[in-house]
Amino acid sequence: MRQLRVFRIFITTLFFVATVVYLIIGPQIHPMAMISEKSQILISSLTVTIGVTLVWMVITIIFGRVYCSSVCPVGTLNDFFIWLRKKTGKQKKVFSYKPQKRWSVHILAIYVICLLPGLVAVPYLIEPWNIMRNIASIVRPSAVESTWINLGIGSLTGILAGIVSIICLGIYSYIAGRDYCTQVCPYGTAMGMLHDHYFYHIELDPDKCISCGKCEEICRASCIKISERIVDNSRCVRCFDCLAVCDNDAIHYQANRSRPASPLFQRKQRATQ
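For reference, each letter of the sequence shown is one residue, going 1 to 273 in the numbering used here.
The hints are simulated quantities; they were obtained by calculation from the structure and are not laboratory data.
Check the hints yourself; a few may be wrong.
Distance ranges between label pairs, derived from CB positions [stated by the list, open to error]: (1) Val52 x Ile24: 16 to 24 Å; (2) Phe7 x Val52: 15 to 23 Å; (3) Gly170 x Gln100: 18 to 26 Å; (4) Ile163 x Ala255: 37 to 45 Å; (5) Gly51 x Ala255: 20 to 28 Å; (6) Asp196 x Pro31: 36 to 44 Å; (7) Ile163 x Met34: 22 to 30 Å; (8) Glu217 x Ile113: 34 to 42 Å; (9) Val21 x Ala255: 32 to 40 Å; (10) His197 x Thr88: 36 to 44 Å; (11) Met193 x Trp83: 27 to 35 Å; (12) Ile35 x Asp249: 34 to 42 Å.
Glycine residues also receive a C-beta, built at the ideal position from the N, C-alpha and C atoms.
With the hints as extra help, turn the sequences into a complete structure.
See the structure below:
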């Protein structure tokens with residue numbers, strides 16, 4: 001199970017480097033750099049990316065939100081700021097379980113409402129790939145120039161959006177971990193709605209768990225609640241940190257669902273979910 005985290009980090013690094021190279025230097029650096037864009041979910045350009053979107057829907061139903069932990073560049077930026085938090089004396093400030101907020105659904109609704117009449121300016125500000133393009137425009141303005149000019153706004157809007165995005169993401173991630181991905185990102189919310197249909201889940205084994213709390217404290221998505229032996233798979237971004245930190249082999253990435261150790265746990269689990 002620990003190897004899953006190593007493999008995830010390798011894939012994440014590969015895609016993030018390709019993204020930075022593609023957006024800041026350009027596709028001419030190497031044709032393989034284009035894989036970063038071709039693998040992204042981009043609903044505002046659905047006519048072009050519908051095939052990729054459908055593929056990711058199937059992948060999500062099978063494996064859960066692996067897109068968020070491996071391919072999404074904003075997710076990787078979140079992880080970078082979480083790493084900074086650990087390296088700047090904040091490692092004692094551990095994460096803890098937080099319930100899902102209703103505003104995530106409201107943001108998704110606003111996003112969809114804006115897409116329907118073609119008001120793409122709002123999606124361009126909150127879609128992960130376009131957030132990354134705006135951030136890249138701080139260094140290379142041409143990365144978003146054509147997009148914003150076509151909207152009749154001007155490329156300066158994209159640059160300013162990039163500056164605001166990197167500052168907000170940095171502060172938000174430093175304080176709250178992956179809350180952007182679980183509470184704000186419309187893609188994350190939409191993929192989370194499929195969690196009842198996921199084939200693979202992160203599951204706690206109630207017979208092996210000794211309530212040490214390590215998995216809950218390291219969970220950057222704040223979706224593990226040890227006291228009730230539950231993992232909110234709708235928000236789990238599949239970073240696999242919890243698998244690597246558990247010394248008792250009590251948490252698994254598996255196809256079947258674990259049963260609570262007693263009817264009491266079963267009732268509490270249903271009530272919480």
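Each hint tested on the structure:
1. Separation of Val52 from Ile24 is about 22 Å and conforms to the stated range, judged on CB atoms against 16 to 24 Å.
2. Range check, Phe7 to Val52: Cβ separation about 21 Å, and the 15 to 23 Å hint holds.
3. Against the hinted window of 18 to 26 Å, the Cβ-Cβ separation of Gly170 and Gln100 comes to about 23 Å, which satisfies the hint.
4. Judged by the Cβ atoms, the range 37 to 45 Å given for Ile163 and Ala255 holds: they are separated by roughly 44 Å.
5. At about 27 Å, the beta-carbon gap between Gly51 and Ala255 stays in the expected band of 20 to 28 Å.
6. Checking the proposed 36 to 44 Å range against Asp196 and Pro31 shows it holds: the Cβ atoms sit about 40 Å from each other.
7. Distance hint check for Ile163 and Met34: the Cβ-Cβ separation is about 26 Å, which falls inside the suggested range of 22 to 30 Å.
8. Restraint check, Glu217 to Ile113: a C-beta distance of roughly 38 Å satisfies the suggested window 34 to 42 Å.
9. A C-beta distance of roughly 36 Å is found between Val21 and Ala255, which places it inside the suggested range of 32 to 40 Å.
10. Remark: the range hint 36 to 44 Å for His197 to Thr88 is upheld by a beta-carbon distance near 40 Å.
11. The hinted window of 27 to 35 Å between Met193 and Trp83 holds, with their beta carbons roughly 29 Å apart.
12. Range check, Ile35 to Asp249: Cβ separation about 35 Å, and the 34 to 42 Å hint holds.
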